[in-house]
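Chain A is fixed; fit chains B and C onto it per the hints.
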Amino acid sequence: MTPATLHPLLAVVVGGLVLAGGAVVVGALDAVVGAAVAGDPRPATAGVRAWRRVVLAWRRPGTVTERPDLVLWVVAPAAYVGVAALALAVLPLGDGIAIADVRTGIVVFGAVEVLAMVAVFLHGWAANSALALVGAYRFVAESLSFLLLSMFVLIAAALPAESMAFGEIVASQQGLWNVVRQPLGLPLFTVVALGTTFWGPLNLPDGADIATGTSLEVGGPAYIAWQVARRAMLAVYAIATSVVFLGGHLGPVLPGPVWLALKSVVVASGFVWLGHRVGRVPMDRFVRVAWTVLLPLSFLHLAVTGAVVLL
Amino acid sequence: MLLAFLAAVMVAGSAACVMAVVALQRRPSADLQHWSRTVPVLGGLEPETHAWGRFHARFYPMTLVLIAFEMEMMFMYPWAIVYRALGIKALVEMGVFLVILSLGILYAWREGGLGWQ
Amino acid sequence: MAVTWTSAGPVPVFVATGAGGAAVRHALRAADEVDLVRSPRRACVLLVAGDVPTGDRSPLLQVHDQVPRPRGVVAVGARGMPAELAPITSSLGGLVATILEVGSQILVGEHDSDDVLPATNPVEWRGVGPNGQGGEGMMGGVPYGRAMAMTAEGSDGLTLDRLYLTLGPWLPGLPSGCRLEVGLQGDVLEEASVAYPTTGPTLAGQVRVASVEQLRARTLLGWLADLTDTAGLPALARRVSRLALDPTPEGVDAVRRRLDRRWGLPVATDGVGHLERDDVTGCGLGWLARSRGVDEDARRDDRAYDGLELAAPTDRGGDVTGRWRTWLDEAAEALRLAEAAEDRTTDRPELPWGSAAVTVEDRAVAHAALATRAVSGAELGRAVLTLASLPSACDADVAASRAEVPA
Numbered sequence: 001m002t003p004a005t006l007h008p009l010l011a012v013v014v015g016g017l018v019l020a021g022g023a024v025v026v027g028a029l030d031a032v033v034g035a036a037v038a039g040d041p042r043p044a045t046a047g048v049r050a051w052r053r054v055v056l057a058w059r060r061p062g063t064v065t066e067r068p069d070l071v072l073w074v075v076a077p078a079a080y081v082g083v084a085a086l087a088l089a090v091l092p093l094g095d096g097i098a099i100a101d102v103r104t105g106i107v108v109f110g111a112v113e114v115l116a117m118v119a120v121f122l123h124g125w126a127a128n129s130a131l132a133l134v135g136a137y138r139f140v141a142e143s144l145s146f147l148l149l150s151m152f153v154l155i156a157a158a159l160p161a162e163s164m165a166f167g168e169i170v171a172s173q174q175g176l177w178n179v180v181r182q183p184l185g186l187p188l189f190t191v192v193a194l195g196t197t198f199w200g201p202l203n204l205p206d207g208a209d210i211a212t213g214t215s216l217e218v219g220g221p222a223y224i225a226w227q228v229a230r231r232a233m234l235a236v237y238a239i240a241t242s243v244v245f246l247g248g249h250l251g252p253v254l255p256g257p258v259w260l261a262l263k264s265v266v267v268a269s270g271f272v273w274l275g276h277r278v279g280r281v282p283m284d285r286f287v288r289v290a291w292t293v294l295l296p297l298s299f300l301h302l303a304v305t306g307a308v309v310l311l
Numbered sequence: 001m002l003l004a005f006l007a008a009v010m011v012a013g014s015a016a017c018v019m020a021v022v023a024l025q026r027r028p029s030a031d032l033q034h035w036s037r038t039v040p041v042l043g044g045l046e047p048e049t050h051a052w053g054r055f056h057a058r059f060y061p062m063t064l065v066l067i068a069f070e071m072e073m074m075f076m077y078p079w080a081i082v083y084r085a086l087g088i089k090a091l092v093e094m095g096v097f098l099v100i101l102s103l104g105i106l107y108a109w110r111e112g113g114l115g116w117q
Numbered sequence: 001m002a003v004t005w006t007s008a009g010p011v012p013v014f015v016a017t018g019a020g021g022a023a024v025r026h027a028l029r030a031a032d033e034v035d036l037v038r039s040p041r042r043a044c045v046l047l048v049a050g051d052v053p054t055g056d057r058s059p060l061l062q063v064h065d066q067v068p069r070p071r072g073v074v075a076v077g078a079r080g081m082p083a084e085l086a087p088i089t090s091s092l093g094g095l096v097a098t099i100l101e102v103g104s105q106i107l108v109g110e111h112d113s114d115d116v117l118p119a120t121n122p123v124e125w126r127g128v129g130p131n132g133q134g135g136e137g138m139m140g141g142v143p144y145g146r147a148m149a150m151t152a153e154g155s156d157g158l159t160l161d162r163l164y165l166t167l168g169p170w171l172p173g174l175p176s177g178c179r180l181e182v183g184l185q186g187d188v189l190e191e192a193s194v195a196y197p198t199t200g201p202t203l204a205g206q207v208r209v210a211s212v213e214q215l216r217a218r219t220l221l222g223w224l225a226d227l228t229d230t231a232g233l234p235a236l237a238r239r240v241s242r243l244a245l246d247p248t249p250e251g252v253d254a255v256r257r258r259l260d261r262r263w264g265l266p267v268a269t270d271g272v273g274h275l276e277r278d279d280v281t282g283c284g285l286g287w288l289a290r291s292r293g294v295d296e297d298a299r300r301d302d303r304a305y306d307g308l309e310l311a312a313p314t315d316r317g318g319d320v321t322g323r324w325r326t327w328l329d330e331a332a333e334a335l336r337l338a339e340a341a342e343d344r345t346t347d348r349p350e351l352p353w354g355s356a357a358v359t360v361e362d363r364a365v366a367h368a369a370l371a372t373r374a375v376s377g378a379e380l381g382r383a384v385l386t387l388a389s390l391p392s393a394c395d396a397d398v399a400a401s402r403a404e405v406p407a
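Protein chains in written order, with the numbering used here: chain A, 1 to 311; chain B, 1 to 117; chain C, 1 to 407.
I should point out that these hints are in silico values taken from the structure, not numbers from a laboratory. Check each hint, because a few of them may be wrong.
[Stated by the list, open to error] A partial selection of chain B residues facing chain C, derived with a Cβ cut-off under 10 Å:
1) 13
2) 14
3) 18
4) 20
5) 35
6) 36
7) 44
8) 46
9) 50
10) 52
11) 53
12) 56
13) 57
14) 88
15) 116
Glycine included, each C-beta is placed from N, C-alpha and C at the ideal position.
If we strip away everything but chain A, and leave its shape as in the complex, we get:
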C-alpha cells in the first residue's frame, strides 16, 4: 500500500497550520474551561487574557542559570514540537489526505512518545537546578509507565484493521467506531495523552509541588516556546484519539477534515476539562497503578478485542 502523502512543501504548510492552530485552540479552551471551573463570571474573556499573557511574556527577557547546558535547553522545546509534528505526519487528516500515512504508523507513534520523554528530560536537565532535575527524572518514570499502555491500546485498534497504518484504522471504523466496540480503549488512551503532554493529573515534571519543576528556571520567550509545544502536542493527541476511536474523518455531510476538526475539538475539551478537575496523582502511586491496574486492563482490552475480531 503506498501511503497517502502530501508534497513536502505543502506538508510543511499543512503541518505548521495544524500545529499552530491546534495550540491556539487548546490554549483558548484551557483558559475558558479553567475560568468556568474557577467560577469566573465571564469565562469567555479568559481567552483574551491568556493571549495577553503570551504577548506580555514575549516581551520579557529570557533567563539563564549559573552553569546550564544552553544547547540542550534550546533543543528541548524544539525536539518536543518536532516529535509532535512527526506524530501529526502519520495521522490521516482526511480521506486520502495525510502527510505521511505510512504502513507503520503505530510504531512511529510509539517512537514519538519515547522521544517526547527525552525532550522533557532534557528540558529539566539543562537548567542544572535541583527541582528541575527532579521533574525531569519524574517524567522518565511516568513516561515509561504509560508507554506500554499506549502500545497495547493502539495494537488493539490495529487488530480489526489488519494494518498498523492510521488510515487503515480509520477505514476499519466504517461500520462502527472503535469507541463502541473497544470501550476500554478511550479511557486508557486518555491516560496516555494526558501523560505525554504532562497535563492536569499527570503534570509531574512541571508540577506545583516542585514549584513547576522543569519550567522553574524558564522565563520569557523560551517559556512561550515550551507551553506552545505542550499545547501543540495535546492537539495532536486529540486528533489521534479522534482518528483511533471516533472514526477520524468519517462522517456524513461535511468534508472529512471538518469532521476531524470537530471531533478533535470535543476530545481536546475533554482533556482540558479533566486537567482542571482531577488532582495531580502522586508519582509513586501513578507508577504502581499504571503497572498493576492499567496494564492488566490493557491486556484484558486486547484479549477481548482479539476475541471480538475473530467472531
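Coordinates of chains B and C only, in the frame set by chain A:
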C-alpha cells in the same frame, strides 16, 4: 515511501527550527550575566552543589520489567497484522506470552520494585 | 498601541508571602488583572505581603534578583523589609491598581529595580592552587563556581549523590516562612529538617467571638486554597480563594461538593503525609489534634461559648485528605458560631492555627518536629504536599481581620 519520509522529516524539522528560534530569543549568556540573577531558584537560599550528578533513580527495577515488555512489543507489531488470518491460535499464543510476562510484573510488585524506596 | 493594550494586564506577579500576608495572595489569585506565577523568573513584579522575619531578609534579596529586569517591587503591610529594596508600598484596597501601574511603567521601560546582590560569585573557584588545593573541571577548575555533590549511602543500600539544599522560605508551595532542609537523594528526602518561623501574628486582649470565628473560617479556607493550588488544581484554588475572602456557609458547601469528589482533590492527597494519633496529641495545634478526633479545644471550657453548640471532633484519618476535610468542617462550624455569637467576647480564644496556651516558640518547635517526622524518607512531591497541609500562624490573614494593614 521516500516521499512520505521526506514530508514527515521536513514537517518535523521546520517545526523544530521555528521553536528553537523562539526559545533563543532574548536569552542572555550565562557567563556574562550578573551572577546573583543566575542562582538556581530554591526559595531564596543558594544550593551548596551543582544539581547534576549521580541521580538515584528509584524506579530502576521498573525499567527492567519494561525492557521485557518492549521485546514483547516488537513481537506484537507483526502479530497484529496477521492476527485475523491466523485465528484463535494467535490469540492463545499471545495470551500465553502475556501471562508469562505478567508473572514478571507480579514478582516486581511483590518484591517492592514498583514502589519508591 | 501594543503597550496600552497589554498594560491592562494580566501582570505576572510573584508573591513573597510573609507573616500575615495570606489575604493578599487570595485577593490576587481571585483577581483577573494579576497573574500569580510560581517562579520569580516569570514575574515582572515582586510583591512582598506581610511581615518579613529577620532571618528571611537576605533570601528575599536573592529572590528579588532572580526576577528578570526590568522589575518592580511592591510591598503590602510588610514590616521588616530589607533596606536594600525600595518598594512601592500600597494598601490592600488599591493593590491591583498599583500593580497595573507599575506593570505598565515596566513595559515602557520607565521603571526598574537594581540588582542588590553581587555581580560576580563571591566565592569564585580559582583553579589549582600552589599547594595542590582546588581541582580540574567542575570540581574546582577554571571558574565553575560550585562543587559537585558527594555520595552517601541511601536507605536502600545504593551509594549515590546526595544534594544538600534548603527549600527556602519564599518557595511557592511551602507554607509561609517554612524552610525545608533536605539531603535529597534522587527525589526522596533521605535527610530532612523542617523549620517554622518563631514569630507570627497573635491575638491579644479581649476579642469578639464572632471575629475569632470569622478569622478561623477565612484562615482555614485560605489554607485549603493554597493546598488545592499545590495539588495541581489552580482553577479550583481560585474558586476557594474567592470564598476565603468572603466566606459563607453556602459557599463552603459548594466548595466541599466540588473538591470532595472521588476524582477531584482526594486523588492528590489520599494516603499522603500520614500522622499517627499519638503524634498530634498535645502538639499545641488544636485543629490538627481535632482532625484525629482528639478533643483539644479551648472553646469547650470557655464561658463565652456557653450555649453555642460545638460539634465533637471526628477522626478524619491522618493523611492530608483528612486534614483538609477537617478545615472545611471547622470553617463551616466557625461561620455558624460567628452568626450565633452576637456580641460575646473572650480573652482566651482558640486560635485557628493552634492553642493560645502554648507560646509561639514552643508551638513552632513542636510543629517543626511533627513535620520533620512526617516528611523524612518521603518522596519530594509528597513531602511538599504534606507541608502544605501543615501551615502555621503566618498563613493567616490576621491583618485583614483587624481591618487595617500598616502601609
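To see whether the hints hold, each was checked on the structure:
| no. | hint | verdict |
| --- | --- | --- |
| 1 | 13 | violated, 29 Å |
| 2 | 14 | violated, 27 Å |
| 3 | 18 | violated, 22 Å |
| 4 | 20 | violated, 20 Å |
| 5 | 35 | holds, 5 Å |
| 6 | 36 | holds, 3 Å |
| 7 | 44 | holds, 2 Å |
| 8 | 46 | holds, 7 Å |
| 9 | 50 | holds, 5 Å |
| 10 | 52 | holds, 7 Å |
| 11 | 53 | holds, 4 Å |
| 12 | 56 | holds, 3 Å |
| 13 | 57 | holds, 6 Å |
| 14 | 88 | violated, 38 Å |
| 15 | 116 | holds, 5 Å |
The earlier numbered hints that this structure contradicts are 1, 2, 3, 4, 14.
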